[in-house]
Amino acid sequence: MPLEVQGTFVSQKINKIRWIPEEYEETKCFFTGSWDDEFNSIKVWTLESPHEDEEIEYPRALSELPVDGDVTEIKFTEKNKIVVSTSNGDVRLLEISAYEMQTPLREIYSWKKLHNFGIDPCSCTSLDTIDGDIVTIGEDGNINILNGRRGEITRTINGADSCSLHSVCFFKHSEIITGNVRGHMKIWDLRINNNKPAASFLLAGDEMAATCILNHPTQPHIVLAGSESGSLAIWDLRVNSFPTSLLNAHAAGVTEMHFHPENPQKLLTCSVSGEIWDWNMEAMTKSSKGPDNQITTWMPLEDKNAMMVNSLMPTLHKPINTLHCDKGKIICGADNEAVYLIKNFKY
Amino acid sequence: MGEQNITNLFEAQTIYADHKDLIHDVAYDFYGERMATCSSDQYVKIWDSDGRGGWRLTGSWKAHHGSVWKVTWAHPEFGQVIATCSFDRTAAVWEEVGDTNASGSDKGLRTWVKRSNLVDSRTSVTDVKFGPKHLGLLLVTCSADGIIRIYEAPDVMNLAQWTLQHEIPTKVSISCLSWNPSLSKINPPMLAVGSDEPNTTNAAASVQTDKSAACNGKVFIYEYSEGARRWTRTDCLASAQEPVNDIAFAPNLGRSFHLLAVATKDVRIIKVECVLESSNSANGGARFKTEVLCAFDAHNSCVWRVCWNVTGTLLASSGDDCQVRLWKMQYLNQWRCAAVFKNAPLGDSPPAARAHTAYVRLAAMANPAHMPKH
Amino acid sequence: MNISNLGSNSSRSGISESQKNVKTFILPEKCFERYAACTWRRGNKFSIYPRSQKTSSSPSNIDNKILDVRQEVLLFIPILRKLVNESNGTYLSLQKAAEAAKTSDNHVEFLKLSRQYRSIIRVCIEGLQEAASKETNGIEKNSLLSYITIFYSIECIWHLCEILYIDNIPGDIVLPYLLEWVRFHFPCHEQTAAQLLEACERGSEDHPEYWDTVVGMVVQGRVDVARALLKLHSLTDSNEFKLLDNSLRSMPVYSVYGGISTGEFTVSWKHWQAECRSKLGSRVLASQPKLELIMKLIIGDYSAFESIREKYTSWFDLLGGWVMFTAPWSRRHALGAAAAACAGMRPAAGRTPLDAMARALMDGDLHQVIHEIQQISDNGWFATHLTDILYHCGKLEIMDKHQTNVTSRLRDSLILEYGCLLMEHPSLWPVGLSYLASCPPEGLRRAELVLERIPVQTEAKAMRVVAEAKKYGLLGVVQSVCTCMGARHLSSGRVGSALAWAVRARNSALCARAADSALRAYCASGVLPAVDFLLTAGSAMLLCDTLLFLGKYCDFHRMYKNREFKKAAKLLVSLLTSKIAPDYFWETLLLDTLPLLESDEPVFSSDDTFEIMLCLELKPLSLTQEKADLLRLALTRNLARTSLSDVDSGGE
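Protein chains in written order, with this note's numbering: chain V, 1 to 347; chain P, 348 to 721; chain W, 722 to 1373.
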């Protein structure tokens, strides 16, 4: 079946979108977080056909939770728990009822003004989760490690960066990587208490921000970062601290990246230039594999060709801020105040 | 179909300024997110928008030893900086400093520090304006004795150090001034000043003694010559002969000419166009060709203030009739009145809303022709 | 600010008339009885305050209220934001199509986009209807119903415009399209007809609306339906019924592709109508007045149309039938007369705005159409988009009083105003920007002014504003936004962020300010801020001398910590002699030489030592006497050491 794209206007710019996982049936519900408006909120949506006989499903809002500031990130800590960061510096852990999706989200923990400039507000720009642990970063250049089960702040690295941090990734249980407004990446080993990065390197040296970081689901030493310039960098952390591959990808900033959960050879990216792409990672790696059957070398810059990228949707005239995939269904949220559902994606 | 025009077009909310005397000026910062007010109570107050329609007082201090006439914001590139001018013959530059002032009742208010006190004037300082940012950090003041002073902070880091660059005597009382905001490199720095000198023979004579052509005008254009390193009066607009209370250059949208709004006995919009050097001689040496695009006497009284919106497409005027009028340019360049705001006639006031953030719709009068004229 | 629906009587009316049409608003609370003044905030917001020109003599009774006024914008309600966003996509596609149309005919594309606009309006009406059905608050419900009315009439007029000006009608014969328009927007009796036909019972005339339905079908040009209905009458086998059925059946129908010319068709049609007329004349239908009425209608009898006009709410219902039975070959330009005839059937009926728009459209007076459209309270959405598509289709030609073509100026002014209106919305600003950008050069100038004034609370927003500005080549805005971000960080003491944004802005003055603040912070606290930035800044260091100096000084610290003393010493001497060190930093630089001078192995060559001595004597005031003496001693000792075996000054 060919790809099927269907857009719905929702009267909010969507900054984050996440499928709510289902164990035994097809996913039907998702979260959205809005940004850049007078009033922002987190909404829960379900897909349903307005008329019995129709095939097409439209999103319908089930509940809405107003937030102060922009929603900057939504990630799951457990199947029915999300942690949300907002631009006023708050972080909240919320629970959705597994059976009654329309009941309002329940707040389990909240960390008010976790990131701050004294009395002035400071954006909590991003967060990541691993096994119930949460790492948050902010424009204040601080890193906080939270325990999502007990609701405690377990560790704070003040002044981890003298510039604002914009992206973070837990690439191992005790190791994180952060990216700042200039594309300066730092690796932190949380077992060491000296508040100094274990390593640091530059994304591209063009003074553009690292907007998102992702590690390979099966090869944790492979780390990808998206840049505000639209390029995509790939590192093999075992080899060296310089990007093995730096691809001029999107026409403007990469906003979010995901490996397809069912197939790590599929990478999905979206951008400020309104593109949503699917990358064939197999084509990006050299056929030769190392002794441990791991990919050792990534395709050098000059070899890249257009064949490894597919566009999933005609280019939008406004930025696509977020995407999420569940099997053959991809949803994305954009600045034209619409969400798009892409069906029949082959993974 | 008859219901097509049902929408109320404007809504308003009231802010209780709590000055102990008359308010003289209200100025918004570059983004329109902060508001400064000044008053005869010698205080300046700063209000911050909460982004959702409400205003919060975040600064309040006694700024002068006399009525504070005007307050104006610097471009945010230079930080959070305002300038004030007063009846106490001084102008001052203030900067907000990061920490809060936690003492007693002032809790939650931010501290504004006086960076500089400009004491050169020997009379009341009637207006103060920061220059366009591409010229650096410039400040111009004018005073009742008719002297225009241009100050510069050579080091934008050091707001304490202002040097008086130019002192231009005009020999008439100056009430208002406006910088030409044009970013074009073709235009040298340009100022327009307005005089509220009453029309007596003396005043007219004194203007004529100036080297510019004989002119009874009350609006003067000054330009800075890079070569001579001085400001010179390059024109006197003969089209404004009555005392002038306020003037404002419109934002220049890449046009070849400038628009100047003048508040005098009526509202005027004057087109000021540079005359090309080549045709200068043919034109009797005039630097500008000026044309009154419109003169509206709809206020039926003296006009006190004129103010352009950000894009220069709407002009607001106010006068002794206590009305505010909006003027709008149509696509064929004619100007017309787009709306009038006035008080309800006696005994017909809509109920007042007290809440600080509640907007109330403004009632539109069904038939303005039925309203009594002031 | 969009206040086109206020006193926007275009150029046609004189000043005196415009003054009358000015809307007057009553200010609440009577706070401005003696004085008033106004200051603009941004876009559609301003404040009115009681400004006094003079000082008060009695400060007891003071007006101290400031009135914050803003325009209420219908398009900003959530349901209509969908319309704003979706139509923006269509608008942008249309601009691309128009670009392509410069080289090839793109007519089909324009028609497709016009239909897209209409379908967006219909979706919007559905949304409003759904909301209205759920709304329980009476006032809100009424507002929603009036919005439905507004958008309903917009769609109706757009459809007519599409038929008359955007579509390429074969042979320019408008009748089939006109009938479609009437049936679509003024459906009347359709349901009754369907019910009757479905029931299919002889004697349907007992239904109270039977005859109205039959006549209604006739004036909508649905002759087949009318005939089928007549078959359900109990007397359908009578002669009168057969006679009428015969006339209806034999009516010639024109088709462009029918193979006959208009001339031939006209002859056969006139012949048919003459036959009908003679049947009427023979009074064979006199016993069945309803059948006689139908016969009169199909020969285009004006009084017959007049007689049924009362049954319809508007003259639009009759327009299709009137054209069909008087001049089915009518071309577009003949519609004006037909519309006038229909509108005249009940002169007492009030003239609604929809009437005025439809009449102007059929008269071909597009200027008037746009003028009428501007009166609609939709914040200019309709006028902007319709004018734009008509302009691109080449169907709009508007002359001013000097016969200059001002069409593009009209289009631009509408788009600029609509774009500026949207730019004021906290979320819709990029939509507004895309409209302004499609109207160069003035649109970009306006965009510049508004864009740099968009409040930026977070860096994410700043980066987005910068990305949008770059997209449209507004580099001044990029610099301004970055500089303001940097200045804000700097005034809060965040040197690293300030430098990062100063570098983005390529603003050397701000770099210098930030670097200077870092150096002063080091002098005060002994901790060098933003080391991570300085060690990776690369070529950005070259933006200004102070930053370069700071970066090198930071490098000196790194070398010293790494115990690369010789390299550190070399760098320190070059900093001392570089002449870019700020005066207040001399003390630090000179004292930094002390530990190196005291190291076990000499690291300064004799030449270097002389340089330091020279610097010390050149700047006698930078050190206290005590410290200077200490340094002199160390220098002398080092000189003694190096005179025996000098440090290799050439080595790295």
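Derived from the structure by calculation, the hints contain no laboratory data. From a predicted model like this one, the values you see are computed outputs, not experimental measurements. A virtual CB, placed ideally from N, CA and C, is assigned to each residue, including glycine. Watch out, some of these pointers could steer you wrong.
Stated by the list, open to error - Here are a few chain V residues that face chain W, going by a calculated C-beta distance under 7 Å:
(1) S123
(2) L202
(3) D206
Hint numbers contradicted by this structure: The structure conflicts with hint 3 only, although it agrees with all the remaining ones.
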